Every structure is written in C-alpha cells, then in structure tokens.
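Colleague: With chain A fixed as given, assemble chain B onto it according to the hints.
The lines below spell out each chain.
Number of protein chains: 2
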Amino acid sequence: MDKKLEVCLTPALIHLYNVEEYVVVIIDIFRATSSICYGIENGAEAIIPVAEVEECLAYKEKHPEYLLAAERNGEVVKGFDFGNSPFSYTTEKVAGKSVVLTTTNGTQALYLSRKAKQIVIGSFLNLTAVCSWLKTTGENILLVCAGWKYNFNLEDTLFAGAVIEQLKDGAYQLDDPAIAANDLYQLGKHDIKQYLKKTSHSERLKQLGIEEDIAFCLNVDTTTAIPVLQDNRLIRLIF
Amino acid sequence: MDKKLEVCLTPALIHLYNVEEYVVVIIDIFRATSSICYGIENGAEAIIPVAEVEECLAYKEKHPEYLLAAERNGEVVKGFDFGNSPFSYTTEKVAGKSVVLTTTNGTQALYLSRKAKQIVIGSFLNLTAVCSWLKTTGENILLVCAGWKYNFNLEDTLFAGAVIEQLKDGAYQLDDPAIAANDLYQLGKHDIKQYLKKTSHSERLKQLGIEEDIAFCLNVDTTTAIPVLQDNRLIRLIF
Numbered sequence: 001m002d003k004k005l006e007v008c009l010t011p012a013l014i015h016l017y018n019v020e021e022y023v024v025v026i027i028d029i030f031r032a033t034s035s036i037c038y039g040i041e042n043g044a045e046a047i048i049p050v051a052e053v054e055e056c057l058a059y060k061e062k063h064p065e066y067l068l069a070a071e072r073n074g075e076v077v078k079g080f081d082f083g084n085s086p087f088s089y090t091t092e093k094v095a096g097k098s099v100v101l102t103t104t105n106g107t108q109a110l111y112l113s114r115k116a117k118q119i120v121i122g123s124f125l126n127l128t129a130v131c132s133w134l135k136t137t138g139e140n141i142l143l144v145c146a147g148w149k150y151n152f153n154l155e156d157t158l159f160a161g162a163v164i165e166q167l168k169d170g171a172y173q174l175d176d177p178a179i180a181a182n183d184l185y186q187l188g189k190h191d192i193k194q195y196l197k198k199t200s201h202s203e204r205l206k207q208l209g210i211e212e213d214i215a216f217c218l219n220v221d222t223t224t225a226i227p228v229l230q231d232n233r234l235i236r237l238i239f
Numbered sequence: 001m002d003k004k005l006e007v008c009l010t011p012a013l014i015h016l017y018n019v020e021e022y023v024v025v026i027i028d029i030f031r032a033t034s035s036i037c038y039g040i041e042n043g044a045e046a047i048i049p050v051a052e053v054e055e056c057l058a059y060k061e062k063h064p065e066y067l068l069a070a071e072r073n074g075e076v077v078k079g080f081d082f083g084n085s086p087f088s089y090t091t092e093k094v095a096g097k098s099v100v101l102t103t104t105n106g107t108q109a110l111y112l113s114r115k116a117k118q119i120v121i122g123s124f125l126n127l128t129a130v131c132s133w134l135k136t137t138g139e140n141i142l143l144v145c146a147g148w149k150y151n152f153n154l155e156d157t158l159f160a161g162a163v164i165e166q167l168k169d170g171a172y173q174l175d176d177p178a179i180a181a182n183d184l185y186q187l188g189k190h191d192i193k194q195y196l197k198k199t200s201h202s203e204r205l206k207q208l209g210i211e212e213d214i215a216f217c218l219n220v221d222t223t224t225a226i227p228v229l230q231d232n233r234l235i236r237l238i239f
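Chains as they are written, first to last, in the UniProt record's numbering: chain A, 1 to 239; chain B, 1 to 239.
Hints are not guaranteed to be accurate.
Among chain A residues calculated to face chain B with C-beta under 7 Å, some are [stated by the list, open to error]:
# : residue
1 : Gln166
2 : Ala180
3 : Asp183
Calculated from the structure, these hints are not laboratory results.
Every value quoted in this text rests on a predicted model; they were computed, and no experiment measured them.
The beta carbon of each residue, even a glycine, is placed where N, CA and C say it ideally should be.
One chain only, chain A, in its complex shape (with noise of 0.2 Å):
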C-alpha cells in the first residue's frame, strides 16, 4: 500500500493525526529552523530547542560552555551569545559547541511531534537533502509546519509544497493540505522571495530589519546536513 505524505499546516492542528506512524519534518522556515540546519551543517555539536529564555539560563548554570540564543521582540536577549539569526551560527560560532535555541512556534512544533517514529528538520537550505533521505526512510512522512502563533503561514505551507514536489512521484498518499501546498509551491516556485512579500508574516519581518536574514533562509541547497532530534538535542543525523 502507498505511504502517506501528508501536511499539518500548524502545531494546533497535530492531534489530528497519529504521529507515532509517521516521520517528521520540522518546518519554521523564519527563521528558527533555517537557522538550526546552518548551524548543524556548520559543525555544531548540538542545537537544542527550548520554549522559554528562563530554560536556557538553567542550562547555562549546569553547561557554562554551551551557547545561549535567545531574540524576543528582534532583539539578542541581554547576556545571551546571540539570537535567532541565520547569520550566528557560522563555523566560527558554532563548531564543536551546544547551542541551546529559545523558538517560540518551532518548539511547540518539536514538541507536539516528540511521539513521532523520527524528528528531523527541514529548511530551503537543506531541502534536497531532507528529500533524498525521506525517500530511503519508505515510512509515512508527516510535515508539520510550525505556523505563526498556531496559525497557518505561507512560507511553511510552501516549504512543505516543496518537499512533495520532489517526492510526490514516489506514490505517495496526498492529503488536502499536502495537495494544497504543493499546488501553493507550484505558484511560488519561480520567485519565492517574491511570493513571499505578500504575507502578512512579511510585513512584521520587515519591521524587525531582518531582510537579510529572510533572504539567508530561501537560499535553496545550501547545505546537504539534516538535524536529527535525540534525547531532545538536535545533531547530525548519520545515515
């Protein structure tokens, strides 16, 4: 029987579906995994998602070496090493360091899917490489896309549109919001920048001054790394 290949288009929509039967994606394409993925393939040892900035200082008490970012409002939290930014987690940065990463959609995301047969993470950057290794997985595939405050945003959705167009011939089961996003892609897929300016999520990014870091993170196949979650640590996924 085909596998499925299916979309939750935000977190407030996973009950839905049993993910014990599924392969996760993690999708948070502004910015949080784009910026995971970089990190990953830059040599990081582990990133590792938290929902709250007071978790992070935990695990600075206890790991004094471990990185901290953490942005609320566009801004590094003060006394933090960094925020959420693509553009910190260079080599330079971030090889052979723990990272610990407060998201906000992102981790409710991972958190969600924790009882999936496997979590890893997808981005424009690592796009191919995300397929590639889906393919050989022959497990129902569930990407679930982190949204905005719960709710449906573009820049996910197309992602995920994305990602069926390169395995939507492995006879795969669609649903409608895997049909939707693909078709989505289909409209978006020559000029994803530019498709991209007319959401709403757009607008506030702008605001923020992160024009670069949303461009960053359409860069397509970048980086060939895929960040695997493990006793809540995402790292290298070696296969």
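Modeller: Only chain B this time, still in chain A's reference frame:
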C-alpha cells in the same frame, strides 16, 4: 483603517480568532451549506442545524410538523424524511416548512462561531449574493471553513478564495490563510469540478454515490437567498 478579511481554515483553529469582532460566513460545500442555501432559497421557513440524530428526534417530539434530515454513511437515517442531499431541499419538499438537519462539520463550525456579530451561510450557489451583502456590512469578515473532521479541506478553502476574489479590491487586509485560499482559487476557478477531483474527499464522496450532489454543489450563483443564524435557526436574511 482597513477591515480584516480572514479565513479560518478549520473549526479547530477558531480559538485563534476573536469571533466577536467579525461577521462570519460558514462554509461546508459538500454538502451542508449548499443544501441549506438551496432550502432557504426554496422557501423553507427555517433550517435548524443540530449535531446529533438524537437532537433531531427531540425536535420532532415537540414539533411533529418539522421535517427531519439526517444521513449516516450516505444513507438516510431510518424514520427520517430525507438525507443531506441538496435535491431533498426542493420547493415541493421544504416550502413553508422547518427542517432539522444533522451535520457534523457544519454544525461544529456554527457552534464555535456563535459569538460572532452575525453568522451567514455561504456556498457556490449563493456566492455573489453573499459577497454583495458582505460588502455592505463594513465589518471584519471571517470565512470559517467547516473542513473535514476538523482538518483543512480543499473545497471549502476554494470557496473562501472565491469570496475573497469578489471582495479583495475593497481594501481589506488579508491574512495568510486568505492569501492562500485566493491563490488556490486562481488555480481552480476555470474548472472547479476538475480541480477538486484530485482531493482525498472526492474519492470518498464518489464511493458514497453522491456525484450528482457534488456537481450540484458546484453550480455558481443559482440562488440569491442568504441564510442567517438567528436563535439557533437559519432563516432567510432580510436586508
């Protein structure tokens, strides 16, 4: 300031909106809201949506003259007057009558939207009528897709996109789900029936043997009545 024109992709996301701030359009294309539009157009005095077959029966005890409509697994429930097919809502059958209708997805969407400023019923049948009226309200508009078992479905989203198509020049602020719905409508509008053939739902409906219903529900602008919720009853909006 611009009014909002937003889409709630499934009833499971409705808690993300302050429904009090919106006029809500409930959308359950296959087949609840299409049948309701057709019934009200054809002179039904009221259509009373309920969630359970048992509730239908309770109405009947109090009001023996009410018609009861319920289906389970595509069959009219024993002892009921008819099922959920729009063809049951002809003038001959419903003019001057009250109909108690069990729906699942549609009723949930109605119930969860109950605090809205006003709730009307939309379908392709009354598309332009609903849009023309919405333009006159000057209110924020929330298009609530009933979806399928609390998840996203294509047909309801496509209809939301069709509404947006008629309203989007009116200086409304669209959220991401609204942008996506309208983009999907661009892809499907030239042949909605053909477009929807690829949905997961379509196969299921085919198996129920209700392809004629489906075709009927995709007729555009065949009616002008706008059903509005008043004291838990859907009646014809007078304006």
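Colleague: Take the hints in turn and mark each one as holding or not.
Modeller: Each hint, compared with the structure:
1. Violation of the interface hint for glutamine 166 of chain A is found here, the shortest Cβ-Cβ separation to chain B being roughly 18 Å, above the 7 Å cut-off.
2. A distance limit of 7 Å between C-beta atoms decides the matter here; for alanine 180 of chain A the minimum to chain B is near 6 Å, and the interface restraint holds.
3. Because the beta carbon of aspartate 183 of chain A sits about 5 Å from the nearest beta carbon in chain B, less than 7 Å, this interface hint is met.
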